[in-house]
Amino acid sequence: MLRGITVLVLALLAAQLLPAGDVEGSQGRAVRIPHKVQLRHPGINKNLPLEYTLYELLSPEGVATGYTLTVDSVLCESGDCQVCKVEMFWDVAGGFVDYSLAKGAFLEKASPLAKDVPQTEAGTLYKGVPFTGNDYQKLDAILSNKKSILREQQWGDLAVRRKRADVDAVTTATPAALSRAVVKGAALTCFHLWHWAQGDVGNTARELTHRRCDKNLLQGLLGSEKPHQILFALEHLSCHKIYDSALAKRTRAILQHGDNEVMGPALIYLANNAEDDGQFGAELAALYIDASPARRIQLVGVLGAMRELPASLLEAMGKVLVRMDRYYEVHLFLSLLEKHEYASGSLLREVSQLLDNGNFFIARRAYWYLKKQSLDNRTAHLIEKFRRESEAEGRILE
Amino acid sequence: MTGWTKLALGVMLILVVGRADAAAMDRVVERARQIPVAYDVDVVVVGGSTRAVAAALAAKQAGASVFLMARRTYLGGDMCAHYRLWLEDGEEPTTDLAKAIFGDSEIVTPLMVKRALDDALIASEVDFLYGCYPTDVLRDEDGRLAGIVMANRSGRQAVRAKVIVDATDRATVARIAGAQFAKYPRSKQEFTRRVIGGEQGEEGGQSVRQALTIKSDARRGRKPPTTNEVHEYSLEIDMPDASWASFARAEQAARDRTWRTGQVDGSESLWQVPPDRVSSRVAKKENSPSGPAPFNIDSTRPADGDGVYILGGCAEVSREVAAEIMAPVKGMEYGMLVGRAAAREATAAVIGAVSELAVACERGGKYAGVVGEMLNGLRSKPGLTNPQFVQSPERSIPVLGRYDVVVVGGGTGGAPAGIASARAGAKTLVVEYLDGLGGVGTFGRISQYYHGNRVGFTPEIDAGVNSLGATSPIERKMEWFRREVLKAGGEIWFHTLACGSVLKDNRFVGVVVATPLGRGVVLANTVIDATGNAVIPACAGVPCQEIGGDHIAVQGTGLPTFAPGVGYLNGDWTFNDDSDVLDMWRIFVVGKHKAARDKPSYQNPFDLGQLINTRARRRIIGDIVITPMDVINERTYPDTITVSKSNFDNHGFSSHDLFMIMPPRSRLCNLPYRALMPKGYDGLLATGLGISAHGDAMPVLRMQPDVQNHGYAAGYAAAMAARDAKTVRSIDVKELQRHLVEKGIISKETMNAKDSYPIPKPELDAAVKSIGVDYSGIEKVLTDPQLVLVLLQEAWKKADSPEVKLRYAHVLGMLGDATGSETLIEELKDAEWDKGWNFRGMGQYGPTTSPIDNLVIALGRTWDRDGVDVLIRMARKLDVKSEFSHFRSVSMAMESISDPRSAEPLARLLKMEGVTGHAFTEIRDEIARTPGGFSDTSTRNNSLRELILARALYRCGDHEGLGEMILRQYAKDLRGHYASHAKAVLQESD
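Top to bottom, those sequences are chains A and B. Heads up: the first sequence at position 57 corresponds to 56 in numbering that gives the first Met the number 0, and the numbers run straight through without jumps. Heads up: the second sequence at position 501 corresponds to 500 in numbering that gives the first Met the number 0, and the numbers run straight through without jumps.
By construction, these hints were calculated from the structure, which means they are not laboratory data. Don't take each hint at face value.
[Claimed, not checked] Below, simulated DSS-like cross-link-like pairs (lysine-lysine); rule was C-alpha separation at most 27 Å, straight line: (1) LYS146(A) <-> LYS742(B); (2) LYS145(A) <-> LYS45(A); (3) LYS725(B) <-> LYS678(B); (4) LYS146(A) <-> LYS644(B); (5) LYS486(B) <-> LYS371(A).
[As the list claims (entries may be wrong)] Only some residues are given here: those of chain A computed to face chain B with a beta carbon under 8 Å: (6) ILE148; (7) HIS330; (8) PHE360; (9) ILE361; (10) ILE395.
Note that the Cβ used here is the ideal one computed from N, Cα and C, for glycine as well.
Let's have the full structure, built from the sequences with the hints guiding it.
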């Protein structure tokens, strides 16, 4: 049974197996490069990595397309399970893609025997039945979920739970949460395959790709919609010092619309890619001005983690201060100024305008910032006026 | 009156809180009151370190009566809170206590330390409590020190004592008493913090050393032990003064600088050898130019005053000796010296009787709010036969800070409330009595969601937590909450217990807190009570929902084990009254022994957790009280702030009538803003387990994803109020809802909804009809039963089948209407018991009574005395193996009718073998009789059966005094809810 279009493509590549050797393939055909790697799987041995052969897949043109590893479908304790070979696939950035089974092979789950079969003292008797279509669909979703609670489960937990049928020694909430993370009757299979899909192979694959990645590959990944591929591209573009204007343009687009998790590396890449601080500041300021309030908050949050920021950026960002209608955005920006101990006459003027803001908290935050600065007479007068009026209203100022 | 006593009256509390900022110079007037006396002893030891326990034991061995009060939830904070769990090079245990802790080991686990200290005190019959903060000292009419006042979950109580051993880290009691100390330097101070796991920090100004390796024992499954490095950081941190706020900021700064991905735990607080020594009795000439002389007992005694010994780093000794006193092993030696000296002094000391004692305090103050607190005393008062009180004259207490919003409790609801409030711009303070945020999802180890509507702020939390990398989920979540509060400009005070309210014209304007440095007030525009226990309203005397005489249907409580890096664990093995410090003490003591006798693979875990996972607590009575019918009817409101989602997993049994007719299933539940506000009061919002809902509706409302969202809503609402100089009752709720829509917490449709109640009469009429078919519609009928009572009566009369007639009779009976009682009697007169239900704690989301149980209860509700014979017949069919629900239903029915004929049959049930004797009034008894396993229900099944039968017997006129005798035993039970329930029942006849 073959799963999904991606798998179909990869499987077609993989099906063209060549005689064993360092490189499997020939001119005009897909290539499988075997790599002896050390991998840990918590169900097999949590502490000791074991050696496996991970195949790197290259297109006929020699472009890296991903990795594959063939594993058992489940670790069978009792010896009476149906175990088949599962070929698993990852992309070049180590993200799990899909899996395939050999023709005629199927995954198995436990199903209680019919009601008229007497139960043993140990509990309900089970038989193995093939996965249904729905089970395969659910498994697809399970294996793709990087945040699955299976990460925190131990092999022993599941084994114990299985033996005790429906009884959980600790909590019934656990199986309720687990029920979403496994195919019913196949918890061990799900656990086993999930730890392959989202375990050590990802890092190993990234490490292997790192050794041979080039601009074309990284450019392709940067154009992806998948955060893990974008992250890989940004980190390696920075690492290999590959810069150009097209890449910078794409990175700006990522900053405007990308996932929160890629914003930090994108900023770093953009900063390194800019000809000078002024350019970086201008580019980012332009992005910032056009961004939605929520995105601006994210951007300032990420900027807060950066050790150095160009003055031009802070100046440019300051120009949109009066348009900021969310306290949190104002606060994060002023915190940024405080962290970098940056102030200028123009910025102080921009900030002082906030003293009139209809949101008292924004005005007060501006007051807190300004009163720590060296001010001209006019601004000093403004904050003194603000202080007097706020105190008269019984506001908390300190 | 001695010299320094006189001086003390002028300066004592200002000194306690340090040279505080301008806000702290304000003071709030506290009216005169009486403080209940909890203990009357020779020596009170304040502090829970190993040296404190050593002092207590030494004083006891010297013949003194002793009480020890610890601030933390355990003893041995000097070892466990700072990860000082091993013998240093060349160090040998010299005292019996140290030998008991270490045995043959060089390194021990926190559980070994904590249990050894508990056991030592219990074996020596030294009374002790956890979670107690010293707040005041007592003086007699001659000005002599005569004890202390402490704050804890039960309120404040006094301890009369001839001598005080002050084993706190900063000599808090001596400072309260007015002793003179060197000035705390306004400069960079060196603190030490230990962090477990993760990479070593490399930032400037930090020296890092690799200490010993410790093993994290996994509790569950086959997970092998993991090894984590202990990194010690020496940190220089700016200290503007010695106020609690400054120490709290230093704590956060230290955590900012030391947190690393991979970290699995860290010190609970900073370690410092204090730079500010007391001015002691050691004569100046004994001190060399380079510093004080080596240890001399007088160096622990403030100059010019009797009755207090400083057993800590603030003694007037060299800083090297101070470090020795604070070090666990050597500290125990010093503890014994001080304990013996204290006992000697107590032998000769004479202080006034309780009636002659008063709280020493400062007068004056300009802020005139009404300070409320709980002054009911401890349930059990060893050595005191009658309630006794000491006088606390009108006085003032310092203002420690002014905030727009103060969030009391940093748990599941409190942390999001703090974040939302600070992000919206409010000057926000989160106070938390443990050393981290997150509550049950972190300290409680329930680190995976069960049900809950995972929208709005919850996914943001989850994404943020995941972004922190590959640390344990518990540590990650704790850190994310902490960072977000601080990033938004909020402040956090760990180790701070809320113990009072400040009220002005029915508006909450602040809270009273007990810090490790003393008691003070935090003023705020809005108080968010995120204690999950309605502590602040209760302190103000606002009526709340809590266990009384009506029922003892409490949801189960767990207390998890702990090890650095562990993940999810959810248990349920007892009940706990969070308002009861004695109950809190009990669960922590018993929990350690329970861990030791767990299944072999789980035995002797690394540690016991610090957060009691209580599922049912005291709740406010709000403008609206959410009922189970509101849940099932999916009632809509114009002011909905979250939509919760769960089933009725109540970890126990239900008390609402609905569940004795037709138990409902999983539902969504709209939560209106009004359910967060105590009726008749302003300035306060409750979150989490303390909101206004019937106990049986709470399981649907208390899932973590939902509490996080409504905590967020409360925080935002509180900030809105402060922003616009309004109160939480006068904010624009639509603006709040618009923000929640934007945040994804509710939908626009929800925002625009109207109240779907009252249910239209035609729907109620239709519901009456459908009840006859299959009880469906009961959830509508119960919203206004009086409106359709006549219809129900007519339906019963006209019913043409026995089944339909019985359903109407059942419902009428539950409504207290006897119209159908003859049908119930007829049905039950030859009935046999069906399969009943035993208390099972975990996973209780189905019926907790059987169909026959329900009819029995309904018959009782009719008050029809003709039903008594049937009930007696049913009672006689019970034996000791019968299920709990049958005992409960018979008891409920009989006590409803209260017919004396029921007394003898109830007594017979109680006299069956094994039915009585399940009250725990002595800790040793409970330790001995509590089985291992963290989901055990046997003790609760036994006690609940006994208590409920005894209650019914007592209400039916009793039989040979058996009911009263059992109730009196339970009134002294260490388990708070049983005691409250038994007392309430006994008081019915007073």
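Can you give the numbers of the hints that this structure goes against, from lowest to highest? none
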